[in-house]
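Respectively, the protein sequence lines represent chains A and B.
Residue numbers for the first sequence follow the working numbering, so the first one is 1 and each next one is one higher.
Residue numbers for the second sequence follow the working numbering, so the first one is 1 and each next one is one higher.
In case anyone wonders, no lab produced these hints; they're calculated from the structure.
This structure is a prediction, so every number in the text was calculated from the model and none was measured.
The reader is advised that the hints may include incorrect statements.
As the list claims (entries may be wrong) - Okay, derived cross-link-like pairs now, EDC-like style, lysine to aspartate or glutamate, Cα gap no bigger than 20 Å in a straight line:
#1 K61(B) <-> E227(A)
#2 K61(B) <-> E57(A)
#3 K61(B) <-> D53(A)
#4 K302(A) <-> E227(A)
Said to hold, decoys possible - Some, not all, of what chain B presents toward chain A, calculated at C-beta under 7 Å:
#5 Y9
#6 L52
#7 T68
#8 R395
#9 A409
Backbone N, C-alpha and C define an ideal beta-carbon position, used for all residues, glycine too.
Protein chains: 2
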Amino acid sequence: MTGTTQDDYTDRYARRVRGMTTSEIRALFAVASRPEVVSLAGGSPYIAALPLDAVGEMMSKLATDMGTTSLQYGIGQGTVELRERICEVMTLSGIDASNGASPDDVVVTVGGQQALDLVARLFLDPGDVVLAEGPTYVGALGVFQAAQAQVRHIAMDADGLVPAALEAAIAEAGGRAKFLYTIPTYQNPAGVTLTEERREEILDICERHGLLVVEDDPYGMLSFEGEAPRPLRARRREGVFYLSTFSKTFAPGLRVGWILAPHAVREKLVMASEANILCPSAFAQGAVTQYLSTMPWREQIKTYREIYRERRDALLDALEDLMPAGTTWTRPDGGLFVWATLPEGLDSKAMMPRAIAARVAYVPGTGFYADGTGTDSLRLNFSFPAPERIREGVRRLAGVMEQELAMRAVFGPTTPHRRRGPAGADAPGPDLA
Amino acid sequence: MTGTTQDDYTDRYARRVRGMTTSEIRALFAVASRPEVVSLAGGSPYIAALPLDAVGEMMSKLATDMGTTSLQYGIGQGTVELRERICEVMTLSGIDASNGASPDDVVVTVGGQQALDLVARLFLDPGDVVLAEGPTYVGALGVFQAAQAQVRHIAMDADGLVPAALEAAIAEAGGRAKFLYTIPTYQNPAGVTLTEERREEILDICERHGLLVVEDDPYGMLSFEGEAPRPLRARRREGVFYLSTFSKTFAPGLRVGWILAPHAVREKLVMASEANILCPSAFAQGAVTQYLSTMPWREQIKTYREIYRERRDALLDALEDLMPAGTTWTRPDGGLFVWATLPEGLDSKAMMPRAIAARVAYVPGTGFYADGTGTDSLRLNFSFPAPERIREGVRRLAGVMEQELAMRAVFGPTTPHRRRGPAGADAPGPDLA
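Isolated chain A (complex conformation) (with noise of 0.2 Å):
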């Protein structure tokens, strides 16, 4: 039959999948698993810190005793117990019933990923425009490039998003934007932070053109120095999504994050969900109830928030005490990642099969673009590996950089290629996200 070729399906693919490319360096990050390398390509919270004795018994609670709801069929919104839980969460934040947010224009997602696929399937036709901050997200590429649309970075400074870079963006785009997706806080991967001012005039901005802003939040709880600014949707309510995930300040396993949105749209993102995945897990939504409820969440946090401190401070020590001159890196106040730009000349991916072999790994920054620039840059997480290990990976990824510059200075500067591959062709798999 016509089916039985790899060219016949290909022939057959929707053209959203055209552009879907394998990463060369997948191949490598398989390498990177294994325990002799120091990864710090990783973007995985530090689950040994979790009470694992007591959630064990919450889910073992939760089977026995709840097993006819929480092992069957649930809503697809989510139920209104965790839907309830999750408006507490986020009056932490300042996002709470004086700002509009209430239970019933939350939706239960399957971790933050699912929160972003479903507001892109709301908006999104092929040829649209998403602004984004140069670097971001890897797995929004993902969901942008599936969608057909076209990103336009936006530069940020130590400040964050820049205002005026912004409206040029807005204007090239000549109204095709639809929305600027935006981690305001400790943003993956750069690591900085929008300004509480800067906050405001995004927000301004945004409004005076109509442009929507889908706000994804995965770290502002984990700050290491007194509270992060609060989110956009604190300031705003209406033409702001907010995004969030259970990912970072419980665990990632149980894939639970959501949305809150306006009151407008929501049930057509609950529409959306339910063609997507019927519904959320009732066992999953069950366990995040629970450990809410039941357990010491905010002291969790707090537990997470010392250690990933530790961890930034050991990886800052060691860059300050390690790297070739020409290196400069970002200073995050607090999530998970820090941003590393080369000297001249280096290029992060030409050079991560020698990193791999001098067992080290990162991300490469083309990982972070959608147009293929990132090449003088990389990403490095701080939250898995412990400080010692942390050190240890960055003398290996200097004496890797030393080389480079030495045969650099032998043989002259390698002009670094690049570049323009489709959206995410560089992406890291899920693990790496």
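Assemble chain B onto chain A, guided by the hints.
Structure of chain B alone, referenced to chain A:
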């Protein structure tokens, strides 16, 4: 801002969303969930038949002893342990190494619904045609509508899909048909099964025309008389996508299903799933893996079979004893559903409010067609309610029908309005799908 009113959001929706309308009968189903209502509308397995204490113990171990992996991120394709177990499960249906089944070609999904959505994302462009049984799974109609595809229904009889009708539909589609979506065994909602002879005939037709086959098999193991005919995938390895789920053989609350895909497309499916959900729940996958490794799952399936056989008999007997003349229905050899056709002139959708008032619920036939037909039929579920409740429900339904017929005798035939509404406009919620 321009995003402050419902109209403003509506103007921004993607084209795929514009056809999305909420069902007027959804509100009725909310009422139908009240305890005094006998609901024959659901599609839920009888979870109380599970050994919940043992499941609870298993869940406890999974978090306590394996938490650092079961509560962590996983990989997009799903764990190799679960994919190996899934291949063991499929051997019971005759899908094994001899016909090329391999864990490498299995993609773990968020229930059968995401499996279907991923296949649609991979192959469907707006305007493409999908061929499907009429009636068909309501959740599939939601997927195809979201993909902006057109559904052409193929007639069924007591032996399942009618080959001549498939031939005609392929010819009519004139090359725009991307695949045949079929539930060959204990079909939802019709309760019929494609015969052995017809399976070969249907496969030959699809092969001859180069039409891909998407085989949805959630019910195949729930047989009441002997074993079900072997799945289509057990007869052809190329051109057939095999979709199934643990929702009916274990528990739907975990949302774990899978696709066995032709090797050439498996990687694209994984990338599509990562863009959608990043990765399936490691905890849910661990739960299913442990369940299949440490618990008597084959015996549990036998238990479900026995319970459902008794309930099917209760439903068929009650229909036989109580239904007004002119009513016909299918006699399923397995699965969860009976499809009933009303006496001339009765309208299952128009009758719904009166049925709810009489404290009985069903799903009107219109929910299972993309073209608004089905007003003369309805779906009855027998897996969830106890036998005596089933009989009481049929008694109430028969009473409502008698009244309708009496009114009709007095006021003359009320021609059933054949609404040509958008697909899924009568779609019930997930708990009824």
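### Holds or violated: K61(B) to E57(A), with C-alpha atoms at most 20 Å apart
Cα-Cα ~9 Å, so holds.
### Query
Are the Cα atoms of K302(A) and E227(A) separated by 20 Å or less?
Answer holds: K302(A) to E227(A) is near 12 Å, not above 20 Å.
### Message
Hinted pair, alpha-carbon criterion (20 Å max): K61(B), D53(A). Please report holds or violated.
### Response
Between K61(B) and D53(A) the Cα gap is close to 9 Å, so the pair holds against 20 Å.
### Query
Is the hint on Y9(B) kept, meaning its closest Cβ partner in chain A is under 7 Å away?
Check passed: Cβ of Y9(B) comes within 5 Å of chain A, closer than 7 Å.
### Message
Under 7 Å is the threshold here; is the Cβ of R395(B) close enough to any Cβ of chain A for the hint to stand?
### Response
violated (26 Å)
### Interface hint compliance - L52(B) to chain A, C-beta minimum distance less than 7 Å
holds (4 Å)
### Query
Is the straight-line distance between the alpha-carbon of K61(B) and that of E227(A) 20 Å or less?
Not satisfied, since the Cα-Cα distance of roughly 36 Å exceeds 20 Å.
### Message
Quick check on the hint: A409(B) CB to chain A CB, less than 7 Å?
### Response
violated (40 Å)
### Query
Close enough to count: is the Cβ of T68(B) nearer than 7 Å to one in chain A?
Given a least distance of 5 Å, the restraint on T68(B) holds.
In this structure, the hints that do not hold are numbers 1, 8 and 9, in rising order.
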